[in-house]
Amino acid sequence: MNSYRYEELKIGMCESFDVAVDEAAFSSFLEITGDINPLHNDRNYAEKKGHRDRVAFGMLTSSYLSTLAGVYLPGKLSLIQSVEVKFLKPVILGEKLRVSGEIVDMNDSVKRIELRVIITNEDKVKVLKGRMQVLLDE
Amino acid sequence: MTREEVFEKLTEVFRTVFDDEEIEINDETTSADIEDWDSFEHINLIVAVEKAFSIKVPMGKVTTMKNVGEMVDIILGDKNS
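Residue numbers (our numbering), protein chains in the order written: chain A, 38 to 175; chain B, 174 to 254.
A hint or two may mislead.
[To be verified] With the C-beta cut set under 8 Å, the calculated list includes, among others, these residues of chain B facing chain A:
1. V186
2. F213
3. I216
4. I219
5. V220
6. E223
7. K229
8. V230
9. M232
In short, the hints are calculated from the structure, not lab data.
Every value quoted in this text rests on a predicted model; they were computed, and no experiment measured them.
Built from N, CA and C at the ideal position, the CB exists for glycine as well.
The shape of chain B in the complex, shown without the other chains (with noise of 0.2 Å):
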């Protein structure tokens, strides 16, 4: 899976979870950059990233990713692992 398919992927599953069509997410994209996106959202966010790519974030990732493109790099760690 390339960077862009991620990517492409992903920006679904925000759009999704956060029942906002109009959203755009690059690298540096973070919850001060997507009003809903609070700590009760990104545990469903995560949720639905691990569904939507059959990955498992590991516990210890789920806190600390700092931006969209570290949960890009764990999808990609993951699928090409």
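Isolated chain A, as found in the complex (with noise of 0.2 Å):
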């Protein structure tokens, strides 16, 4: 886990890691939220919306965004404050995703880093962007 400290980070600076929505991804979301909905659960269904396999539930996608501030930018110290996506493509299960983000901002008096955030799949197509509000909790 990364644990920089505010006076270490910089407009620029970039974290990223791989993670694969597999099914073992599908069903912890699904127990916690209980999003039953058959999109992400059916494949039939989902195959008859013309997907090739289940669609990720689009906040189990953004959820890594938690991953990316909590443990890697700026890690230890960090308190998300806001975040803001649009999914961009469909998720499929299986699928392997990159998280990425960069400081695009910020500010010294409340210690508050802006990331322009990115997850990309296998072929380096986006499949969500935003932002991310982040303090660092000296």
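Two independent chains are provided; combine them into the complex using the hints.
Printed below as a string of structure tokens:
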């Protein structure tokens, strides 16, 4: 786990990690949220809707932003204040994603950073983009 | 910038941050007077004040200011320094 202090950060710094949106992730998310929508839980239904397999919960995909801030940038001292995301493409069961963040703004008075976040699939296609504001809880 | 001008502009900042057009502020206003003014919104408020007045609030003052009057003092201190 990273543990950047505010003074160690600067605009332009980037961090990223890879994650597989697998059956275990689907099952855990379903158990936590109770979202039984068939697009995420019924392969036949998802295929009828034009997808090759079940579609990941959008909030499951965005949940990895918690890891991005809490483990990578800034890491241990992270306190997420806001998240804004747009879902650009469906994520299908089994896909591997790269979760990336770049510091695009910093406020010294309140020790808050703003991250531009992007999640891409194996074909390097953006499936999510957004912004996060993260406080440094020092 | 006069104190009255600061209050006029600061009132608009408060109304935008707290999404409440009814908010009125004075020197004695504190977080206890505005329902949504918690520690998280205080951060947003400071950032909005900095942008609105083109100032930097000293880091040590962010959490120690006791009321709106002190916030106005900081703004005026920066603008008139």
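Outcome of the hint check:
Look at V186/B: its Cβ only gets to about 15 Å from chain A, farther than 8 Å, so that hint breaks. The criterion of a C-beta within 8 Å of any C-beta in chain A is met by F213/B, whose closest approach is roughly 6 Å, and the hint holds. Taken as an interface hint, I216/B checks out: its beta carbon lies about 5 Å from the nearest beta carbon of chain A, inside 8 Å. The closest approach between the C-beta of I219/B and any C-beta of chain A is roughly 5 Å, which is under the 8 Å cut-off, so the hint is satisfied.
Interface restraint check for V220/B: the shortest CB-CB distance to chain A comes to about 6 Å, inside 8 Å, so the restraint holds. Here the hint on E223/B is kept, as its CB sits about 6 Å from the closest CB of chain A, short of 8 Å. Because the beta carbon of K229/B sits about 6 Å from the nearest beta carbon in chain A, less than 8 Å, this interface hint is met. Because the beta carbon of V230/B sits about 5 Å from the nearest beta carbon in chain A, less than 8 Å, this interface hint is met.
Satisfaction of the interface hint for M232/B is found here, the shortest Cβ-Cβ separation to chain A being roughly 6 Å, below the 8 Å cut-off.
Comparing the model with each numbered hint stated earlier shows that hint 1 is the single one that does not hold.
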